[in-house]
Amino acid sequence: MTVRLHLLYATGLLLSREAFRRAALSSKGSGQVFRLINLIWIGWMVSVPVGCLGFAIAPHYEVAVVCVAASIVVEVAAEVPFVLAELQLWTKTRVAIEGLMQTLRSVLLVAFVFLRPSQSVLLYGISHLFGSFVYAAAYYILFAYVLHRKSGAKKLPVHSFWQLFPTWERGKWVPSVDKELGGLAWSFFQQGWLKEALTEGEFYLMNFFPLISLAQQGVYQVVNNLGSLAARLVFRSIEAAAYKYFAQMVERGKPVAEQDLKCTAEVVKFLCTLLHSLVLVSLIIVTFGWSYSSLALQLYGEAYTFASMDDSQLHRFNRFLVFFSITYVGSAMILTQVFGALGFIFANCLNMSLRIAYSLRFIHTQYQNSCHNPLASLLVQPRLLLVFLAAWIITSSSESIVHPQSTVGHISIGAFTLLGVVFGLRWELRPLLEKILDSAASVMTKFLPLRWHHFLQVTLRLQDTIGSGTIKSQNNKKNVLLAWPDAFIVLLIAAGTCGEYTYVTNCSSLLPGQYQCNELNIDPQTQQLKGCTKEGRARIPCTSASGIICIETNNGTFEREVPCKFTNGYSYETALLLSVFLGMFGIDRIYLGYYAVGLAKFCTLGFLFLGQLIDIILIATQTIGPADGSHYVISYFGAGISVLRMDNTTYRMPQDDWVIDLPPKEL
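Whatever position you read off the sequence shown (first residue = 1), add 160 for the numbering used here.
In case anyone wonders, no lab produced these hints; they're calculated from the structure.
No experiment lies behind these values; they were computed from the predicted model shown.
Where a beta carbon is used, it is the ideal one built from N, C-alpha and C, also for glycine.
Please note that a few of the clues may not be correct.
Claimed, not checked - Computed list of lysine-lysine pairs in DSSO-like fashion (alpha-carbon distance at most 30 Å, straight line):
{"#": "1", "residue 1": "LYS690", "residue 2": "LYS252"}
{"#": "2", "residue 1": "LYS422", "residue 2": "LYS252"}
{"#": "3", "residue 1": "LYS339", "residue 2": "LYS422"}
{"#": "4", "residue 1": "LYS429", "residue 2": "LYS252"}
{"#": "5", "residue 1": "LYS694", "residue 2": "LYS429"}
{"#": "6", "residue 1": "LYS725", "residue 2": "LYS339"}
{"#": "7", "residue 1": "LYS690", "residue 2": "LYS725"}
{"#": "8", "residue 1": "LYS694", "residue 2": "LYS422"}
{"#": "9", "residue 1": "LYS694", "residue 2": "LYS725"}
{"#": "10", "residue 1": "LYS690", "residue 2": "LYS429"}
{"#": "11", "residue 1": "LYS422", "residue 2": "LYS725"}
Said to hold, decoys possible - Restraint ranges, calculated between C-beta atoms of paired labels, are given here:
{"#": "12", "residue 1": "LEU546", "residue 2": "THR717", "range": "20 to 26 Å"}
{"#": "13", "residue 1": "ALA550", "residue 2": "PRO209", "range": "41 to 47 Å"}
{"#": "14", "residue 1": "LEU249", "residue 2": "LEU535", "range": "25 to 31 Å"}
With the sequences and hints as input, model every part of the structure.
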């Protein structure tokens, strides 16, 4: 029965909360906040009829359905403070409150079932409802406390506790909502019904069709919960956080070429790092899960896909979801007849494969006309594949040889093999390892002697020294002396890797001499770098030194930004000739885009030729350029005139190599 109650709970939240949450998290902060809050409260109104989808089939089951339906309504009622907290990047708040809710539900369920095992279904619903009340109350109490503190309330878009509830404008019977976000929410809401068929489709098939027995349903639920443990605890949280990041950084409906270059570079860098890290984690799970557990992998990149799709793309994806749903339901019904409950797992694999393929195709299409290629980060180096292959062979052999004799020995072999894999991934996982060592150092200062704290500090420095190939000066030599025995051990371990190694880093921070760029690609029409933007920056392909791997591309090639002069078709020769021969009629100024000045010159005959003479000098010295801020197209590539201006608001900062007011002896 808990399988059906869980199905009711998951369905209710997905249909009443998911669409409005995703749309609200896409808000960039523009517009009136009360319209955003009104949109979120529509989800609460939807949750009431959605919660009535349950039905009663057993004693005490009616009350349990009511409790689970009420928990849906209560949780959705806390969406406004939840969304505002997420937009303020209060990530720890979400972890603490949701962790408290799940802990209370589990503890209460265990206690109730232990005391009254005959009423387990009813007690399941009661514990669920109590956890939802704690979840909603925690969010509202948090915002009441923050709004009470004047200093903390300044950063929030609301300034009163009552602003968290719906607001009606005068003369309107229905609360106003943001039209753009409303359309986006409607697209997500339509998608929610199709996505529900894909995520919970096997449970619907179990209940509506006699494919497997109730006992097999219970076994499948246990296997599904244990098998998807990593996906639910790790990948789902990563996807939620990634969607929040992409929704704020990516502008929907705009091609990559029209978006902010800096934001695009950051998004691509984050997406590459995310995909590459999850591929490595997935390989670890598959390698060790073969011999130690049955973990399901859910990696399909939908966080970026949903965050960057506009309305038309979402509608197109909804049509694909219809095809995915039909394929999934059909394959599940066929495969369960052949393999039993195992057929649901095969159908889920097919479902995930189709969604992965669509997401990869969307990302490829999004960046195919740009200089970025985030899908290149999915490629894993051959040496890493050999490491995983060796680990799989060792653990598989241990499962067949050691495990029948000693479970502890089998687990020990797996632990040492995992350490070996982590050591092989030390450069790919370097930021994570540095974060772990840094956190461990802060903890060790409280519980362990000072000497071990110094050891961890030196370990961090040695990791940085070995990775970068440079030796950095130590400000505190006493720290090094205190930890020299441990540092010596670290150096011995690293000695085998100092000869030939690969260093993974952000290649945009490389120093001259650590990379070499190709020859500049000059456009013969503009005599400037191809791809020069309005901001005066262009990207050129470069190659890093041997042994340096770029995080951006997962290889030794990258693109570097260099300064350039943006041109928009205004020729220097044409402007100068027009100024000399037709300047008295203002044709030169009209050509450059100064229409008002050109009209004034035309009416006054170039201010009696005086304005013409001045414009000839200004254009010849390139003091006056095109009105749109671009540069002249000059018939050669090379040094040009750069105009430097200074006024009473300009601040001249003295430099170290200036000689200012020094006595004659020191000169």
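Now the hints, each set against the structure:
1. LYS690 <-> LYS252: Roughly 45 Å between the alpha carbons, so the hint for LYS690 and LYS252 is violated.
2. LYS422 <-> LYS252: holds, 28 Å
3. LYS339 <-> LYS422: holds, 29 Å
4. LYS429 <-> LYS252: holds, 24 Å
5. LYS694 <-> LYS429: This hinted pair holds, its Cα atoms lying about 23 Å apart.
6. LYS725 <-> LYS339: Violated. LYS725 to LYS339 sits at ~40 Å, over the 30 Å cutoff.
7. LYS690 <-> LYS725: holds, 10 Å
8. LYS694 <-> LYS422: Status holds; Cα separation ~13 Å.
9. LYS694 <-> LYS725: holds, 8 Å
10. LYS690 <-> LYS429: At roughly 23 Å apart (the allowed maximum being 30 Å), LYS429 and LYS690 satisfy the hint.
11. LYS422 <-> LYS725: holds, 18 Å
12. LEU546 <-> THR717: 20 to 26 Å: About 23 Å separates the Cβ atoms of LEU546 and THR717, which means 20 to 26 Å holds.
13. ALA550 <-> PRO209: 41 to 47 Å: Violated - the Cβ-Cβ distance for ALA550 and PRO209, about 56 Å, lies outside 41 to 47 Å.
14. LEU249 <-> LEU535: 25 to 31 Å: holds, 28 Å
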